[in-house]
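Engineer: Sequence:
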Amino acid sequence: MKHNWLTASQFAHRGLHGPHTGFIENSLPAFNAALEGGYGFELDVLLSRDNVAMVIHDTTLARLTGQNGITIDFTAEEHSKIKLLGTDGTIPTLKETLDQTNGKGPILIEIKGDQGKYSQIAKAVWKDIKSYQGAVAIMSFYPEILEYFKKHFPGVVRGLVATSTNDGGLPKNYFNLDQQIKTIKNLEVDFIAYDISALPNEVTEYCSHWNTPVLTWTVRSDVERKHAQNNTDNIIFEL
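Each residue of the sequence shown is one higher than the one before, counting from 812 in our numbering.
Treat the hints with caution; some may be incorrect.
Said to hold, decoys possible - Distance condition first, Cα-Cα at most 27 Å in a straight line; then the derived BS3-like pairs of lysine-lysine:
#1 K813 <-> K915
#2 K996 <-> K962
#3 K961 <-> K938
#4 K938 <-> K928
#5 K993 <-> K915
Derived by calculation from the structure, the hints in this document are not laboratory data.
Generate the whole structure from the sequences, applying the supplied hints.
Structural biologist: In structure tokens:
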């Protein structure tokens, strides 16, 4: 199996966050807690107004900061002055996260395509990871982003994030299982990260047949851990 690190350590979803740690998702303390626990971690990336890769899941700020506003309307410097709820921390840049991690554990970067700036966000992520010495991979629901990496930055480990449940937030064809298999084949992805609630299916079975690692998200219970153990190679979890 290529890139054995993809299955060697479990990945904390947005770092180790929540009431049991006191840390907010996608924050530097949450990532550090994951590393101290012996885990890798997954994070989300969106663009700032000045095309800097920011570590945040939502296209708006309210849920994590209590401040109204759209993520892409603020520069990276402006983001650095907005406090995360109940903390002195701020929304980190991807570069800050990589600098803190410094190769101490593997990282999965989910690149969000919600802003519609596929090439811009791909280039912003590449700028930050191109000289990084640790284990890192990019992944996305958006084939357009994976295609950009394949064409322009082919050495980057890349994975397709997928589910079969259409919640209305993404184009319909993203949820078609045959289309997902075509994407996996055509874009030569190194792994997939599949919704735990949709396992197993013909996509994950296809990947297993061709020795493409199958990761799953988001595992939150012992029952889901057992289900994942029987159907996947690794988990992205929350405690």
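Engineer: Can you confirm whether the C-alpha distance between K993 and K915 stays at or below 27 Å?
Structural biologist: Between K993 and K915 the Cα gap is close to 35 Å, so the pair fails against 27 Å, i.e. violated.
Engineer: For a C-alpha distance cap of 27 Å, please report whether K813 and K915 respect it.
Structural biologist: holds (20 Å)
Engineer: Next pair to validate is K938 with K928; report whether the Cα-Cα distance is within 27 Å.
Structural biologist: Holds, at about 15 Å.
Engineer: Hint check: K996 vs K962, CA-CA at most 27 Å. Holds or violated?
Structural biologist: holds (15 Å)
Engineer: Against the 27 Å threshold, does the CA-CA distance of K961 and K938 hold or violate the hint?
Structural biologist: Given that 27 Å is the threshold and the Cα spacing comes to 15 Å, the pair holds.
The structure does not agree with numbered hint 5 stated previously, though it agrees with all others.
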